[in-house]
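Asker: Residues per chain are reported as follows:
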Amino acid sequence: MNHLPQAWGRPRDDIYGAYNHAHLAPSHPTTHTQSPIVTGTSVIALKFRGGVVIAADNLASYGSLALHRREAAEKFNDKAVLGFGGDVSDMQYLDRYLNALAIRENYSSGSGAGEKASSTSTDASEEERAESLDNEGAGTGMAANNLHKYLQKLLYRRRSDFNPLWNHILIAGLSSPPPNAPDASPQPFLKSVDLLGTAFGAPSLATGFGAHLAQPILRRVVPDEEAVKKIDEATAVEAIRECMKVLWYRDARSLDRYSLAVVTKEGVRLSEDERVEGQSWEFAEGIRGYGTQVV
Amino acid sequence: MFRNNYDNDSVTFSPQGRIFQVEYAQEAVKQGSVVRNAEELSSYQKKIIPIDSHYGVALAGLASDARVLSNFMKQQSLASRLTYDRPILLSEITHRIGDRAQTNTQHYGKRPYGVGLLIAGVDAKGPHLFEFQPSGVTQEMVACGIGARSQMARTYLERNLEQFAEASREELVKHALRALKESLSQDKELTVDNTSVGVGGVKEDFKLYEGQELSGWLETTFENMNTAPEPEAGESMEVDS
Chain Z
1 MNHLPQAWGR PRDDIYGAYN HAHLAPSHPT THTQSPIVTG TSVIALKFRG
51 GVVIAADNLA SYGSLALHRR EAAEKFNDKA VLGFGGDVSD MQYLDRYLNA
101 LAIRENYSSG SGAGEKASST STDASEEERA ESLDNEGAGT GMAANNLHKY
151 LQKLLYRRRS DFNPLWNHIL IAGLSSPPPN APDASPQPFL KSVDLLGTAF
201 GAPSLATGFG AHLAQPILRR VVPDEEAVKK IDEATAVEAI RECMKVLWYR
251 DARSLDRYSL AVVTKEGVRL SEDERVEGQS WEFAEGIRGY GTQVV
Chain X
1 MFRNNYDNDS VTFSPQGRIF QVEYAQEAVK QGSVVRNAEE LSSYQKKIIP
51 IDSHYGVALA GLASDARVLS NFMKQQSLAS RLTYDRPILL SEITHRIGDR
101 AQTNTQHYGK RPYGVGLLIA GVDAKGPHLF EFQPSGVTQE MVACGIGARS
151 QMARTYLERN LEQFAEASRE ELVKHALRAL KESLSQDKEL TVDNTSVGVG
201 GVKEDFKLYE GQELSGWLET TFENMNTAPE PEAGESMEVD S
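Protein chains in written order, with UniProt numbering: chain Z, 1 to 295; chain X, 1 to 241.
Calculated directly from the structure, the hints in this document are not laboratory data. Each hint can be trusted.
Below are the EDC-like pairs computed for lysine to aspartate or glutamate, each with C-alpha atoms no more than 20 angstroms apart in a straight line:
| hint | chain 1 | residue 1 | chain 2 | residue 2 |
| --- | --- | --- | --- | --- |
| 1 | X | Lys174 | X | Glu223 |
| 2 | X | Lys203 | Z | Asp183 |
| 3 | X | Lys174 | X | Glu189 |
| 4 | X | Lys174 | X | Asp193 |
| 5 | X | Lys74 | X | Asp205 |
| 6 | Z | Lys153 | X | Asp85 |
Make the full structure from the sequences, and use the hints.
Answerer: In structure tokens, the structure reads:
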């Protein structure tokens, strides 16, 4: 009998026959995503005084085919909304991944009830304790900046494995107050992260064609952080709606139905069935230089 | 050395259902001299370790085990800042070292940590104080003392428990020093050489105060009771040099 260590614990060849190692070897090479397949297009977002507005159209394209509708913007919690450009199946993967993260977060930093030590058993301190439990949920959970940092690390890890998640994501919401000023009011937060893990923030951001068509319009509204403090929610939402119209006019992979979310300290208002309104295609008459016109 | 046949490792129960190795580890904590706290910590020798800017730990027991645990905590705290852009919650880090210590009590060939910790600081949920024991047990406290002769300090803290919630920063430090004084034997004094205080607060990073920084606190805390003559050099607590 074979007493060599590599045979320990294995079925005996003389009884069962030699092990067929082909069972272990994969029958095909490992493949990674080489390009996005079903894609979403523009996501655009804009900061304003006290919050952020973000919008994305509801179209999923398969090449130039308008394949089906999709959820483009996703609420993570009361402080953060995500807008996905790029591959839709990777978006769905991230959606599931982030759901698991949210559940984990709620266990570790949810309401916090029962975690605080009871001080004494006198009536007065019982009241104090109840108060402190009420406040305890505040300031915990993932704010937009926490989520953004996490996604950046996740996407960078995936690109380092040469298996990127083919998305360009905008994270809009409110940032957590700095640790040394816990009472400071939460600031509007808007940053992006792409399939390479490249991350940056700006008063206005856009993915896909929006970066070419909508970004210049948005920059006219908020050229810098100073301008953010001067515009209100209504102006910001109006600017975003105008950009969605321009995108519908000019981007062939777009749709006139879109999702729009506004994040303020009151929470998230997400509407998934907005329409591009007040369209006028008269300008199309004057366009020259494309297609088959000869004049 | 060995009390019986059931204390060779931490995975064998005695017929009475006890795990002696874990109990010995708890004895090791009691050998270490006192550390105490109510949001402040103090001790002698280097017994307070700042971990992150928002919290620190104080130890009683084997300093080398505390070093292992504090290195782990530093690493976990940095990981939280790096991947989530936020300071780790004290409850979270306490659970992590609790779990780590507990696995040491159920694997053959491993031994329990011989150190108890007080973990104190401020996170997104406010100020916290946690106690950690070698068995892996952790609990949140309002005030706590661990280590040799810490019972007297805990008794002091228990008597003054109601005052802590309303106390100012300076008052809490005084309470801490008075409680620490309780744990000393009769002829010993707290001096700038044998005491250190760690303070962490809302809008205040965790900071370790040592040496002359403490002279003001020590003077104001013990001014009324200091009728005894100046302690001579040989009388104060021995100081590791």
